[in-house]
Amino acid sequence: MIKTRIAPSPTGFMHVGTLRTALYDYLLAKKHGGNMILRIEDTDQKRFVEGSMEQLIRVLATCGIAYEEGPVLDQDGNLTQQGAHGPYIQSQRTELYRTRAKQLLEKGNAYYCFCSPDRLEEVRKRQTAMKQPTKYDRTCLLLPKEDVERRLSEGEKAVIRLKMPDGISIFDDAIRGSVTFNNAEIDDQVLLKSDGFPTYHLAVVVDDHLMEVTHVIRGEEWLSSTPKHIALYKMFGWEMPVFAHLPLILNKDRSKLSKRQGDVAVENYLNKGFLPEALVNFVALLGWNPRGDQEIYTMQELIDAFDLSKVNKGGAVFDLEKLTWMNGEYIRALSIDDLIARLKPFLTDTPKDELLRRIVTVEKERLTVLAELQGRLPMYTQTPAIDPTMLAWKKSTLEDAKVQLSAVADFLMNCDEQIFSSIENIEKSVKEYITEKSLQTGAVLWPLRVALSGAAQSPSPFELLWVLGREEGVKRVQGAVH
RNA sequence: GGCCCCAUCGUCUAACGGUUAGGACGGCACCCUCUCACGGUGCAGAUCCGGGUUCGAUUCCCGGUGGGGUCACCA
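Every number in my numbering is 189 more than the matching position in the first sequence, counting from 1.
Derived by calculation from the structure, the hints in this document are not laboratory data.
Glycine included, C-beta positions come from ideal geometry on N, C-alpha and C.
Heads up, some of the hints might be wrong.
Pairs of lysine to any residue, SDA-like flavour, derived with a Cα cap of 25 Å [to be verified]: (1) K499 x Y486; (2) K499 x V368; (3) K541 x M568; (4) K553 x G564; (5) K382 x M488; (6) K448 x G366; (7) K352 x K423; (8) K346 x R313; (9) K502 x N478; (10) K502 x M488; (11) K291 x A373; (12) K296 x E401; (13) K220 x E257; (14) K352 x F425; (15) K235 x R287; (16) K324 x K423; (17) K235 x V368.
Cβ-Cβ distance ranges computed for the label pairs, FRET-style [as the list claims (entries may be wrong)]: (18) M602 x T513: 37 to 43 Å; (19) M190 x D527: 48 to 54 Å; (20) P567 x Q489: 36 to 42 Å; (21) D482 x A574: 31 to 37 Å; (22) G366 x E284: 34 to 40 Å; (23) N457 x D336: 49 to 55 Å.
Please take these sequences and the hints and turn them into a complete structure.
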């Protein structure tokens with residue numbers, strides 16, 4: 190059975206790259222009836238941010254990415270874990286890593302290293318100056334056993350390093366095909382830090398094996414450390430998973446997507462009012478395409494079409510404009526009720542139900558992100574200040590505009606109340622009025638719209654009248670005349 | 001710099017040796033229209049370069065060039 194896993198660090202936010210990886214993990218697992226795991230990689234205590242695990246769990250849930258194993262939130266919002274291979278939080282598994290590191294030590298596949306960060310730094314500087322690859326010089330590998338024992342018993346801080354074997358590492362990446370490295374160029378990676386925590390490299394291999402992960406999907410930044418992981422799999426005698434290194438998501442300048450150049454946090458997009466479905470749809474298509482001309486996909490369609498071997502190799506620029514367009518598409522596809530429900534969290538003051546419903550009906554096709562609506566509310570809820578110079582249509586005069594407005598106000602005041610029941614009826618009646626009086630459409634509608642909205646650009650006068658109602662509408666028109 | 005990866009319109013991508021190199025976002029023009037938005041139509045816009053292989057290369061191979069990633073007791 191296929192088993193995938195997403196393994197984020199609890200650093201306070203979810204990177205969009207993590208979302209895409211999680212999505213691909215999910216798509217691959219679901220496509221083949223497999224399972225997905227959420228594992229928290231919190232082996233760096235310095236980077237841990239309180240509450241971020243819960244946040245990660247919530248973001249995955251709102252994006253519709255469900256996993257079978259890992260930390261979850263119960264009904265009261267408390268963190269629990271589910272699955273047969275837990276715990277799924279690495280800081281709760283440290284004993285496991287220590288045991289495995291010791292095992293490597295005994296077999297001569299790893300060794301203690303007492304070198305100080307300062308010395309390591311010096312070594313690197315020297316190597317850089319001599320234009321040599323920067324890697325540990327293996328000083329501690331030559332230490333006599335007795336020395337090691339003594340220093341350890343004296344309580345000296347030490348790390349455990351992988352003794353990188355000779356030879357070459359070849360593996361078949363599901364996306365890139367065969368990749369080869371010369372082991373001589375690979376560093377003796379620290380596996381267990383002096384604080385007793387494992388590094389990513391040890392923990393990821395141990396956990397993926399113990400949790401029976403079959404497909405390791407991760408970003409391309411991990412490609413060059415894969416030989417270390419392969420060495421570990423071989424030393425432990427474990428079966429290797431399929432590796433799939435995803436192309437990077439890029440900034441406009443084609444460097445790895447970073448905070449400096451825009452939002453990288455999924456939470457930021459959600460908070461601005463990008464719909465999770467839109468974000469998922471967009472991110473799914475960064476580096477992969479189901480072939481064909483379709484742009485909008487449901488999750489089920491993505492699952493059905495997903496194919497790891499069709500993921501692109503080249504990095505993909507995160508195009509905010511296309512995301513924004515896609516979000517607008519999703520907003521327009523929503524029902525009014527659904528849209529209102531999603532809009533409410535973004536409103537600081539919420540108009541009464543019927544008014545809000547009408548506003549949303551009119552604004553729906555104009556919204557690109559949910560957070561925009563709040564700024565458009567005053568047009569409907571506050572009497573606008575009218576700039577008289579704006580009232581005149583094209584080459585028409587202010588006087589003429591006022592004449593037209595007075596007449597329209599009279600018409601609106603005296604017409605059948607029924608016409609206010611729909612935008613279409615209002616439009617029909619007002620246009621009939623214009624025709625009957627042989628007026629110029631623009632000469633009436635422009636001043637009318639400006640009088641209603643106070644803005645050069647706004648929804649149509651018919652839409653505005655429908656939202657505002659007869660009373661408020663007439664009041665605004667009369668107000669513009671005086 | 002060493003190693004590794006990558007390379008089709010500005011951007012996301014399609015074309016598993018033979019297509020007028022297709023679609024989408026963005027841009028521009030036009031239509032709809034009182035304005036905005038929506039919608040519709042159209043236009044501009046790409047195979048990094050050089051060698052091979054082949055009757056024929058976007059596609060396969062090699063070499064350049066360019067870009068990126070990585071070289072931590074961070075992931």
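* Under the criterion that the straight-line Cα-Cα distance not exceed 25 Å, is the pair K382, M488 satisfied? -> Cα-Cα ~41 Å, so violated.
* K502 paired with N478 [C-alpha distance capped at 25 Å] -> holds, 12 Å
* Asked: Holds or violated: are the alpha carbons of K448 and G366 at most 25 Å from each other?
  -> violated, 31 Å
* In this structure, is the beta-carbon distance linking G366 and E284 contained in 34 to 40 Å? -> This hint holds: roughly 38 Å between Cβ atoms.
* Between K352 and F425, does the CA-CA distance stay at or below 25 Å? -> OK: K352 and F425 at ~13 Å, within 25 Å.
* Taking only the CA atoms, is the gap from K352 to K423 under or equal to 25 Å? -> holds, 13 Å
* To do: Could you say whether the range 49 to 55 Å given as a hint is met by the Cβ separation of N457 and D336?
  => Holds, since N457 and D336 (Cβ atoms, about 52 Å apart) stay within the stated range.
* Asked: Would the pair K220 and E257 pass a check requiring their Cα atoms to be no farther apart than 25 Å?
  -> Holds, because 15 Å separates the two Cα atoms, which is no more than 25 Å.
* Would you check the hint for K541 and M568, treating anything up to 25 Å between C-alpha atoms as holding? => holds, 15 Å
* Asked: For the pair supplied as a hint, K502 and M488, is the alpha-carbon distance within the 25 Å limit?
  -> The hint holds at about 23 Å.
* Taking 25 Å as the top limit, are the C-alpha atoms of K235 and R287 close enough? -> holds, 20 Å
* Could one say that the CB atoms of M190 and D527 fall in the range 48 to 54 Å? -> Once the Cβ atoms are compared, 36 Å apart, the range 48 to 54 Å for D527 and M190 is violated.
Going through the hint list in order, the structure does not satisfy hints 5, 6, 17, 19 and 21.
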